[in-house]
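All chains should be modelled from the sequences, with the hints used to inform the complete structure.
Taking the numbering used here, the leading residue of the sequence shown gets 236, the next gets one more, and so forth.
Any given hint could turn out to be false.
To be verified - Straight-line Cα separation of at most 30 Å, DSS-like style, residue types lysine-lysine; simulated pairs: (1) 373 <-> 401; (2) 412 <-> 401; (3) 412 <-> 373; (4) 373 <-> 351; (5) 341 <-> 351; (6) 254 <-> 373; (7) 356 <-> 401; (8) 373 <-> 341; (9) 351 <-> 412; (10) 373 <-> 356; (11) 401 <-> 254; (12) 365 <-> 351; (13) 412 <-> 341.
Hints were generated in silico from the structure; no laboratory data involved.
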Amino acid sequence: MLTPVFLDGCHAPPSLRDKAVPMEFHYISHSLEPVSPAAGPRQLPTCTYATCPPLNLLMLPGSPPDAHFSPELIRFVQERVNEVEIVMSICTGSLILAQAGVLNGKNASTNKGAYKFAAEKFPQVQWMPKGRWTVDGKFWTGSGVTAGMDMMSAFLMSRYDHDLIKWLHALAEFQPKQQDDDPFVWLLDDSQSH
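See the structure below:
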């Protein structure tokens, strides 16, 4: 939503169009074959783990907590984490980072429904029970899907023009929550009692 093409297409005020940020997105997989996510339409990768160009930001979406992550994916994450400026995960995407070992000793968030699983399987990570997202150095981990939207908003506000980001919030009819505004922490009590 920050790109010049998007802002032009949405008829952003000229003062904001000048603040557009050119970006290129890569959808990465083991092959260029369409990928079937756990929910939603099939996605078409733009590059493979082997052909992916240098990245500034690596974002990992969530998957079912008990998903099997291929050794190829884990190796890609381990290699690229050191090269990128920012690493983000949304929802259970943090489990990929944990399995890769790159969150060891770091504070991180994951989906409340996967919290107990994450804490038991990856005890070397300091899982944060409360909060919409957690930042530890270059790692930004969101606790749930909509928390990922809030986290991305905070990230954009930390990097780009505030007037532009606020205009985009209004355009998307989105009112982000603050990091500590966690109305879902009660889910931990419920999930730990089962």
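Note to self: Please verify whether residue 412 and residue 373 have alpha carbons no more than 30 Å apart.
What the structure shows: The given pair, whose Cα atoms are some 21 Å apart, holds under the 30 Å limit.
Note to self: Just to be careful, I want the Cα atoms of residue 412 and residue 341 compared with a cutoff of 30 Å; is the pair within it?
What the structure shows: OK: residue 412 and residue 341 at ~23 Å, within 30 Å.
Next item on the list: Sort out whether residue 351 lies within 30 Å of residue 365, counting only the CA atoms.
Entry: 13 Å, holds
Next item on the list: Below or equal to 30 Å on CA atoms is what counts here, so check residue 373 against residue 341.
Entry: Satisfied, since the Cα-Cα distance of roughly 11 Å is no more than 30 Å.
Next item on the list: Could you grab the alpha-carbon distance between residue 254 and residue 373 and see if it respects the 30 Å cut-off?
Entry: Roughly 24 Å between the alpha carbons, so the hint for residue 254 and residue 373 holds.
Notebook entry, point to check: Within 30 Å, alpha carbon to alpha carbon, are residue 401 and residue 254?
Noted result: 13 Å, holds
Check: Are the Cα atoms of residue 351 and residue 412 separated by 30 Å or less?
Finding: 24 Å, holds
Checklist line | 30 Å limit on alpha-carbon distance, applied to hinted pair residue 373 and residue 356 | finding: 23 Å, holds
Margin query: So if I understand the rule, the pair passes when the alpha-carbon distance is 30 Å or less; does residue 341 with residue 351 pass?
Written below: 17 Å, holds
Note to self: What's the verdict on residue 356 and residue 401, does the C-alpha distance respect the 30 Å limit or exceed it?
What the structure shows: 39 Å, violated
Item checked: residue 373 paired with residue 401 [C-alpha distance capped at 30 Å] -> 24 Å, holds
Margin query: So if I understand the rule, the pair passes when the alpha-carbon distance is 30 Å or less; does residue 373 with residue 351 pass?
Written below: 24 Å, holds
Against the hints set out earlier in the document, a violation occurs for number 7 only.
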